[in-house]
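Novice: Generate the whole structure from the sequences, applying the supplied hints.
2 protein chains.
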Amino acid sequence: MKITMAHGSGGKATSELIQEVFAKEFENEILNRMEDSALVKGSQKLAMTTDSFVVTPIVFPGGDIGHLSICGTVNDLLMSGARPQYLTCGFIIEEGTEIDTLKQIAKSMAKTAKAAGIMIVAGDTKVIEGNGGIYINTAGVGFVDETIDISSSNCENGDIVILSGNLGDHHATILSSRLSIENTIKSDCAPLNDMVENLLENKIRIKAMRDVTRGGLGTVLNEFATASSCTIELQEEKIPVSDQVKSFCKILGLDPFYMANEGKMVAVVSKEDSEKALELIRNSKYGENAAIIGSVTQEEAGMVFVNTLIGGKRKIDILYGEGLPRIC
Amino acid sequence: MKITMAHGSGGKATSELIQEVFAKEFENEILNRMEDSALVKGSQKLAMTTDSFVVTPIVFPGGDIGHLSICGTVNDLLMSGARPQYLTCGFIIEEGTEIDTLKQIAKSMAKTAKAAGIMIVAGDTKVIEGNGGIYINTAGVGFVDETIDISSSNCENGDIVILSGNLGDHHATILSSRLSIENTIKSDCAPLNDMVENLLENKIRIKAMRDVTRGGLGTVLNEFATASSCTIELQEEKIPVSDQVKSFCKILGLDPFYMANEGKMVAVVSKEDSEKALELIRNSKYGENAAIIGSVTQEEAGMVFVNTLIGGKRKIDILYGEGLPRIC
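Quick note, the sequences are listed as chains B and V, same order.
Under my numbering, the letters of the first sequence match residues 1 to 328, in that order.
Under my numbering, the letters of the second sequence match residues 1001 to 1328, in that order.
Careful: at least some of the hints might be erroneous.
[To be verified] Cβ pair distances, simulated, as ranges:
1) Tyr320/B x Glu1094/V: 14 to 24 Å
2) Lys1276/V x Glu94/B: 41 to 51 Å
3) Asp1145/V x Ser180/B: 28 to 38 Å
4) Leu179/B x Arg1314/V: 51 to 61 Å
5) Asn1028/V x Arg178/B: 33 to 43 Å
6) Arg1205/V x Gly321/B: 52 to 62 Å
7) Thr226/B x Asn1028/V: 13 to 23 Å
8) Gln19/B x Lys1111/V: 53 to 63 Å
9) Glu129/B x Arg1205/V: 42 to 52 Å
10) Glu1299/V x Glu201/B: 54 to 64 Å
11) Gly1312/V x Arg178/B: 17 to 27 Å
12) Glu94/B x Pro1061/V: 44 to 54 Å
13) Pro1061/V x Gln244/B: 51 to 61 Å
14) Asp1145/V x Leu179/B: 52 to 62 Å
Bear in mind the hints are in silico, worked out from the structure with no lab data behind them.
Because the structure is a prediction, the values reported are computed rather than measured.
Using N, Cα and C, we set each Cβ at its ideal position, and we do this for glycine too.
Specialist: Next up, the structure:
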């Protein structure tokens, strides 16, 4: 069964689609009320975020657009130190989409939301002309302890930069799918609750934290360096990249510094916390390849350098132009 | 200047686009922090909602997709009795979109958000292939007093149904634009804060309330009738429709019961509150044509009837199939 324009009418066809595909998968006491706004419990300090997902192909090794749409928003909330709580999702569905595809995506969203401890409380569905494409927007709300203060502007001289795992897996997966290159690279797409909770519960003072998505590590660290008016210096040999992705990059001329990831984060912590933080991340889900990759110095404000394997020093700029369209 | 795929990279081009187009218009102390999640103040009871907007044309008499994207989410929050507070927006922009168009839309969003007293706290921008189309998702958070209990399942025998103004203006506007029909019909697209605040401040006990958008009045009232297991009976001669929209409907064979509106609401209130509620709505912004259009009876559960001008009784069903694609 395929999506028709009637599924976007707001009437009975829309209602049937919602019941059959989404309500079944996402059901919970708040969503089931089917009012226009969901009513949820509040707290003193809220985190709010939103992300739209336009990745193509919509199903790829290691995930799909549904899984990605939950991970992306959950991770954005986590990066502010919030406990993810409630999520809304808006679907823009092209005519001709197979209802079965939609069901698979809804199932995948429900599974990931459960794993990430976030409740889907409201949704919206629109249908547009086209040929089977799907776009998903998710917006999330989380609660933050009053004591937490994580910000890209908090990096200080001497702080340590930890990366939670291998770079480039998601990017290489999507590009391989598009170019029909056969390999066993899988997207790293994952919710990082366990990792962040471990750091917060163990009172690691996180200065800055960001998931390394579109724009890549280079862009994130430049944002830190600019916001904190500091210099960040990395050691090339410390940066974890799998052998398979390394070869992939060599063949296609890609730079892991600018490749998108969907289950990796970079954290800046004080030097005294850094070894403990590294151990906590390594012992968390999805953190086994974490590494200390550099530190904050004050030599030149607002810049990122990497000390290369062959002894050079290379300036890492923010990504300009297009990494890979529709990577997330 | 046109949108290119590079504007969706997550790097410098994206950042420039955000700064030049969105940050300028939406600037406020929370958004300006430019973190991945916005941190806002909370409350005990939260309302959350989301809506995607795919209307075409993106600019139409009486509004544009930006204005609409704020009104839609603000009105959804209001309908639950919440005070709208914070809003996130996700843009999916087709390549080739004029940056000037985007600027105009951002300006319009900022203006409407200000009028509706809601703060834009987070955003996301994606670029896809295409030809100048724009899709906007907004998600909103509002706070609700613990005492408020508005729900489509609260309608009771004897309650009165009030419609806040003329039906069909938005629908007729979009259809006229698409068919290049010249007339002076304008979209009713508007935020209904003033109207709802007046009702709540004056302690009107609102049983059920809904903005009458996609799917039309017929669909909303059927949802009430089903959720409350009641029958709703309307008087055709009481239902406000402007002369121009009436003629438009006659020519094109449209039924105002299923036409989309973007600045109209229907409220179900107790009989003793109904005259006061009507007066309050009439004295509110956008409420001058409000009317009592019917009442709740218990003759047959879960149905909506209209007593027609010529003395008949017609069953009003939920809209099945397509009203008008991409109406909102």
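Novice: Taking the hints in turn, state whether each one holds.
Specialist: Hints versus structure:
no.	hint	verdict
1	Tyr320/B x Glu1094/V: 14 to 24 Å	holds (21 Å)
2	Lys1276/V x Glu94/B: 41 to 51 Å	holds (48 Å)
3	Asp1145/V x Ser180/B: 28 to 38 Å	violated (57 Å)
4	Leu179/B x Arg1314/V: 51 to 61 Å	holds (59 Å)
5	Asn1028/V x Arg178/B: 33 to 43 Å	holds (39 Å)
6	Arg1205/V x Gly321/B: 52 to 62 Å	holds (58 Å)
7	Thr226/B x Asn1028/V: 13 to 23 Å	holds (21 Å)
8	Gln19/B x Lys1111/V: 53 to 63 Å	violated (37 Å)
9	Glu129/B x Arg1205/V: 42 to 52 Å	holds (44 Å)
10	Glu1299/V x Glu201/B: 54 to 64 Å	holds (60 Å)
11	Gly1312/V x Arg178/B: 17 to 27 Å	violated (60 Å)
12	Glu94/B x Pro1061/V: 44 to 54 Å	violated (28 Å)
13	Pro1061/V x Gln244/B: 51 to 61 Å	holds (56 Å)
14	Asp1145/V x Leu179/B: 52 to 62 Å	holds (56 Å)
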